[in-house]
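Make a model of the complete structure from these sequences and hints.
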Amino acid sequence: MTTVSWSGEPGTSRGPGPFLSVRDLSVEFSTEDGIVHAVDNLSFDLEKGTTLGIVGESGSGKSVTNLAILGLHDPAHTKISGEIWLEDQELTSADGTTMEQLRGNRVAMIFQDPLTALSPFHTIGRQIGEVYRKHKGASKKEARDRAIEMLRRVGIPQPETRVDHYPHEFSGGMRQRAMIAMALVCDPDLLIADEPTTALDVTVQAQILDLLKELQQQFGTSIILITHDLGVVAGTADNVMVMYAGRAAERGTVREVLREPQHPYTWGLLSSMPRLNASVDVPLTPVRGTPPSLLNPPSGCPFHPRCDYTKLAGPELCFGQRPSISPETGHGDACYLTLEQKRELRTAKTEDHA
Amino acid sequence: MNETLLELKDLVKHFPVRGGALIKRQVGAVHAVDGIDLTVGEGETVGLVGESGCGKSTSGRLAARLLEPTSGKILYRGQEISHSSRRQLKPIRSEIQMIFQDPYSSLNPRHTVGTIIRGPMEVNDINPPGGRKKRVQELLEIVGLNPEHFNRFPHEFSGGQRQRIGIARALALDPKLIIADEPVSALDVSIQAQVVNLLQELQRDLGIAFLFIAHDLAIVRHFSQRVAVMYLGKIVEVGDRQSIYERPRHPYTHALLSAVPEPDVSSEPRERIRLAGDVPSPINPPSGCRFRTRCWKAQDKCATEVPPLVRLSGNREGHLTACHFPDAPTTQGEDVVLDPALA
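So the sequences go chain by chain: H and R.
Going by UniProt numbering, the first residue of the first sequence is number 1, and it counts up by one from there.
Going by UniProt numbering, the first residue of the second sequence is number 1, and it counts up by one from there.
Worth flagging that the hints you see were computed from the coordinates, not collected in a lab.
Treat the hints with care, as some may be off.
Taking lysine to aspartate or glutamate pairs in the DMTMM-like style, the calculated list, with each CA pair at most 20 Å apart, reads [as the list claims (entries may be wrong)]:
id : chain 1 : residue 1 : chain 2 : residue 2
1  : R       : Lys133    : R       : Asp174
2  : H       : Lys213    : R       : Asp174
3  : H       : Lys349    : R       : Asp264
4  : R       : Lys133    : R       : Glu148
5  : H       : Lys349    : R       : Glu262
6  : R       : Lys301    : R       : Asp327
7  : H       : Lys79     : H       : Glu28
8  : H       : Lys48     : H       : Asp187
9  : R       : Lys73     : R       : Glu7
10 : H       : Lys134    : H       : Asp189
11 : R       : Lys90     : R       : Glu7
12 : H       : Lys213    : R       : Glu262
Only part of the chain H face toward chain R is listed, based on derived beta-carbon distances under 8 Å [as the list claims (entries may be wrong)]:
id : residue
13 : Pro120
14 : Met174
15 : Thr203
Ideal placement from N, C-alpha and C gives every residue a C-beta, glycine not left out.
What follows is the structure, given as structure tokens:
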């Protein structure tokens, strides 16, 4: 069990704290093959007006965590434990109506693929306006005006004509802008962006990331940015959490994590990426092996089958006991290596690459 | 440089767009590839980068002669194969192989790994010494898979392992040239590096030439000796790795490089160029320079005259740029010639 400094009784309201607080969240799916432990004892906080980048590979539980925040899981096959606090509201125990009022209104989401997330049968304007009408009780005319305003805000040229177009008449980057417009139409406090730029080209990706930052500065929205690309996090997020096999491997400010990464998995991710300014003669250093199956996660530290330092840290610990993230606040990581060992290993690595 | 293996000369591929109510007539064409010149030498790795829709995949398919060009020439070892028949192509097919992007859809789910890798040998009626099964196991070992797994089906493997199967299949006929179309973009970061390293080892050990098609500039830089940058069916800049990444002259190359998100939080912020808008439609590409609609340097001349792909003053040998108003050259290095006649 992860121990966290946490005051307040479960299920009751609490005093001022972080804007969003996830405590000991576990999500399990029952499937034909068995129980998938998609998220395992995850805790994190998000302060108002900041961006948290969640980084991980496919199957690390980063998307599932956020679907749980939005209550978008299939209740028949999902078991959720732990707590999710949005200011003074607990979300895992909230009923369907409460979540419905929350979604699209206070909490909104941007999906990876705008073409599948938008309905091909309805105009962009109608899809944006629908959310506004539902939550704000606006008339059709008001909703349309609002849609035009939103399209203008996200930088779509000629919004008055574009509002009546269908998604197929938009390019990839424009569709993603329209999705952002839809997500922001009710001025949400929390925006969850799940791989918002993965389907886009680099030049358009840069535009969209700039747009998100601009909108955040204007409206003070808190953002959770889910991505597999540490480069995207570096330019966009304030804090970052690296996830592996449903658990947090490392968290801290972007500067801390990228400058002085502590967890061997974060090292692996960084050394796997070719850089524009690195020497080309040195082969990349990938993480060996493949991510574990979450049907049957490894014992102890979930990263131990792929880790090079289990001997150093103590095999009985790594193989036998789940490491919890420490220290409890600030820059922390879930690894049994001592700080001294990590510093030495990291220096050795940078010297190798220099 | 080594002997030229593959040569593309003024290669054009247009896909017809048909319309009309009853009788489908051709109403236009997608200018997927619009006059590109590119060579790949023996044992050389050439990277082809660009955004989606720029024609990089079509170029790769043309080079493998999976598509027939609209006009222009494809030469393989000096022999023209632009319009060769299947029979004429047969001996060449075994020397040019492809690795595809999606390791899920490019392997037949009903065939075992052994059958998949043996496929090319059966088609070409090749009987390696020791038998095909032994060769399959050898290939599995080369790409880092367990040779005992030849009887398994693709679904039993992870994405990275499947891509290795695809690579083993491409290697089955000892090719001279492999066209790798986004071979790692569907894989997770930690797995990407494994596959890139594998391809690099193969390139070194077996001396295979690669046409490496990708949108990820950092991976292309890591893998390729020479790089060509494409935009809307044309090559806008081509040159050795150093020229393209350290001394780019074309504004588009500059913009692409500055848009790459890098996981660095260094004190000095990188130069940022933000392009406005999207890539125009290849059905009706802009006149003159195709990049002019997004270019911050565009002038009247850009709309009327197509800039030729030439060696500019200040470019190294082999570094060609297609721009009327290129970025200023850097004068470092002795092999950079500042020649007003070239400007």
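Cross-check of the supplied hints:
Restraint check: the Cα-Cα separation between Lys133 (chain R) and Asp174 (chain R) comes to about 16 Å, which is no more than 20 Å; the hinted pair holds. Straight-line distance between C-alpha atoms of Lys213 (chain H) and Asp174 (chain R) comes to about 50 Å, which puts the hinted pair past the 20 Å bound. Straight-line distance between C-alpha atoms of Lys349 (chain H) and Asp264 (chain R) comes to about 16 Å, which keeps the hinted pair within the 20 Å bound. Restraint check for Lys133 (chain R) and Glu148 (chain R): the C-alpha separation of about 11 Å stays at or below 20 Å, so the hint holds.
With a C-alpha separation of about 19 Å, the suggested pairing of Lys349 (chain H) with Glu262 (chain R) holds against the 20 Å cut-off. Pair hint Lys301 (chain R) plus Asp327 (chain R) holds up; C-alpha atoms about 16 Å apart against a cutoff of 20 Å. A C-alpha spacing of about 5 Å is found between Lys79 (chain H) and Glu28 (chain H), which places the hinted pair at or below 20 Å, so the restraint holds. The straight-line distance between the Cα atoms of Lys48 (chain H) and Asp187 (chain H) is roughly 14 Å, inside the 20 Å bound, and the hint therefore holds.
For the given pair, Lys73 (chain R) sits about 8 Å from Glu7 (chain R) by alpha-carbon distance, which is consistent with the 20 Å threshold. For the hint linking Lys134 (chain H) to Asp189 (chain H), the alpha-carbon distance of about 17 Å falls within 20 Å, and the restraint holds. Taken as a hint, the Lys90 (chain R) and Glu7 (chain R) pair is honoured in the structure, with Cα atoms around 19 Å apart against an allowance of 20 Å. Distance restraint check for Lys213 (chain H) and Glu262 (chain R): the Cα-Cα separation of roughly 17 Å lies within the 20 Å cut-off, and the hinted pair is therefore satisfied.
For Pro120 (chain H), the interface hint is violated, since its Cβ never comes within 8 Å of a Cβ in chain R; the closest pair sits about 19 Å apart. At about 7 Å, the closest approach between the beta carbon of Met174 (chain H) and any beta carbon in chain R falls short of 8 Å, and the interface hint on this residue holds. For Thr203 (chain H), the suggested interface contact is upheld, since its CB lies about 5 Å from the closest CB of chain R, less than 8 Å.
Checked against the numbered hints given earlier, this structure breaks hints 2, 13; the rest are met.
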